[in-house]
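Asker: Spelled out from the first residue to the last, the chains are:
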Amino acid sequence: MTAVVSSRRRSALRPSRDGRPGARRVSWVPTLILLAGAVYCLVPVLWILIAATKSNGELFSTPPLVPSFDGAFGSNMVGILTYDHGIWVRWALNTVIYAVGGGILSTFIAAAAGYALGKYRFRGSRFVFRSIVAAVLLPPVLLAVPQYLLLAPVGLTDTYWSVLLPQLVNPFAIYLCKIYAEASVADEIMEAARLDGASEWRIFHSIGLRLMSPALITVFLIQFIGVWNNFLLPFVMLTDRELYPLTLGMYGMIMPTGGQPNQFSLVIGGVFLSIVPLAAIFLSLQRFWKVDLLSGGVKL
Amino acid sequence: MATVPAAAPARPAPARRRRRGPILPVVLVAPAVALLLLFTFAPAVYAFVLSLLRVHVSGGLLGTSTETVFAGVANYASTLADPEFWASLGRMLLVASVGVPSVLILATLFALCLDANRARLTGFSRLAIFLPYAVPGVIASLLWGFLYLPATSPIGGQFIDYFGNTTIFFAVANVAIWGVLGFNMVVLYTALQSIPRELFDAAQIDGASELQIAVRIKLPMIAPAMTLVALFSVIGALQLFNEPTTLKPLTNAISSTWVPLMRVYSDAFVNNDIYGGAASAFTLLVMTVVATVLVNVVGNRLSRRSAR
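Which chain is which? The protein sequence lines are A and B, in order.
Count along the first sequence from 1, then add 114; that gives the number in the numbering used here.
Count along the second sequence from 1, then add 1124; that gives the number in the numbering used here.
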């Protein structure tokens, strides 16, 4: 969407406006401000790339922004991947289960609910929608401790479910899906499908979901980031290290060192490995982001 | 047709079924409603119930016994009377007073620069500024922790104490700002893109400079989106937990009750006082709801005024 708008501007509007002399000048002030912002955002990532090439000793003895080529990078990577019998890999897989698995499931739950609320009127639909809007006000992070207290008597804590279940429903995602379903799934198409004899379920999964798919990618990414970022929930729910997501595991790795520099290169290797693949995936999915969904759709 | 066997025998039925309404929407909405009840509303209600209880220890000749009794507002009274609660709230507000305006101002500035005519390298800068959003708070805090630590700092940690009494607030706020700046910038940039371009052309013909267009036209028109950014930031600040918790092992400047949510955690899990923890959690929940409504009301009023 964004790309479409900006390319239209560039092709259709720029030439007519920029036809005047001097129009090709580069505006340095905004360019430099943006570059300063880019440097601020990239320097920490750059530093971790450089630090990942250093052994523990080099970390403290060599200049911070000069990489080392003594092969410490390989041993750092091996070190983190084999740390404690490969538990880091286990944590990475758990993160995939929580963030990707949970993200996909919750996107479908939100899509189904949003479609039902946006395209149908049924008894209680208004009340359900109002409750969902009200639930947007209750941030999930604040509910983590109460969720633990509720799940503890049932014996569900310290399981995969204890981290997955509470994050499966996101009121904001349902809200976005409802708005998008209203805007993108036309009544005429649904009526035409009905006349052709399609069942309501068929209309939902082969027309509704397909028309909503651009929004669903955004909803999935929001969910993914939400789960990946939610540290408090696994922090309170899990005691078994085998079930930890990466964030919790890495936190545990820095914990016993307590400022003691013995594990630093190991932790740095872990940070490196958690950032790089994710950043790559994220930047490649970047064009699927429909942020206008957020800025246009949110009127609480 | 083969995939929908149910529809075939009930051919004449649809009209009748339509009047009652199809069953599908109820089925579709059911999982969300069930999960919402179980994991959002029930915990909130349960926290409220727990916050009204306390453990009563009665001693006797045959040993002590404990029972849970109704405490009324005693837990709230002790939470609100605890100076450490207010201190943690104060620290959170200090971080917020650094972070929220910074995010709002920087995100707006970057969005306006992206939207400016003839700015270069905008694609690169946009990606670079958005990148930290993919880094979760815990990892970002570890990363910045290394940048702050004197032993490894490339940004002058040897000369500046990033974990000092005052600097710690900036240090924590900085990690949070770094993480959310790009996302908010993209929200604002998208809002800017939706303004009709004819407005700028008209202003330019009238002799307005790029800066004047940005301040007089663009800013007022993205005011609602700015309210949204402020809202995201304020809600984020109230939930501040990941950054201080992760930085805590690196410094003594952060206590175990540094911000309210850390206190909720330590009440419930370190001090084993789930009733007190529930009371602090519920207090925080009410504060978040109030803050959300407040930011919304103020923001809407401001953007309505600037639209005039």
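Quick caveat, the hints were computed from the structure, so don't treat them as lab data.
The beta-carbon is built from N, C-alpha and C at its ideal position, and this holds for glycine as well.
Check each hint, because a few of them may be wrong.
Chain A stretches covered by chain B per the calculated footprint, using a threshold of three residues with CB under 8 Å from any CB of chain B [unchecked claim]: (1) 190-200; (2) 221-231; (3) 260-274; (4) 358-369.
Listed below are several chain B residues computed to face chain A (Cβ distance under 8 Å; list not exhaustive) [claimed, not checked]: (5) PHE1163; (6) LEU1233; (7) CYS1237; (8) LEU1251; (9) LEU1255; (10) PHE1294; (11) ALA1347.
Asker: Please go over all the hints and tell whether each is borne out by the structure.
Answerer: Checked hints:
Evaluation of the coverage hint for the region 190-200 of chain A: breached, as 0 residues show C-beta separations to chain B shorter than 8 Å, against a requirement of three. Only when three residues or more bring their CB closer than 8 Å to a CB of chain B does the claim for the region 221-231 of chain A stand; here the count is 7, and the claim holds. With 5 residues having a Cβ less than 8 Å from any Cβ of chain B, the region 260-274 of chain A passes the three-residue criterion, so the hint holds. For a cut-off of 8 Å, the count of residues in the region 358-369 of chain A with a CB near a CB of chain B stands at 7, and the three-residue condition holds.
Nearest Cβ of chain A to the Cβ of PHE1163/B: about 4 Å, under the 8 Å cut. The hint holds. Interface restraint check for LEU1233/B: the shortest CB-CB distance to chain A comes to about 6 Å, inside 8 Å, so the restraint holds. Taking 8 Å as the C-beta cut-off, the interface hint given for CYS1237/B holds, the closest approach to chain A being about 4 Å. A cut of 8 Å between beta carbons decides the hint on LEU1251/B: the least distance to chain A is about 6 Å, and the hint holds.
The criterion of a C-beta within 8 Å of any C-beta in chain A is met by LEU1255/B, whose closest approach is roughly 6 Å, and the hint holds. Proximity of PHE1294/B to chain A is violated relative to the hint, the smallest CB-CB distance being about 14 Å (cut-off 8 Å). The closest approach between the C-beta of ALA1347/B and any C-beta of chain A is roughly 12 Å, which is over the 8 Å cut-off, so the hint fails.
In summary, the numbered hints that this structure violates are 1, 10, 11.
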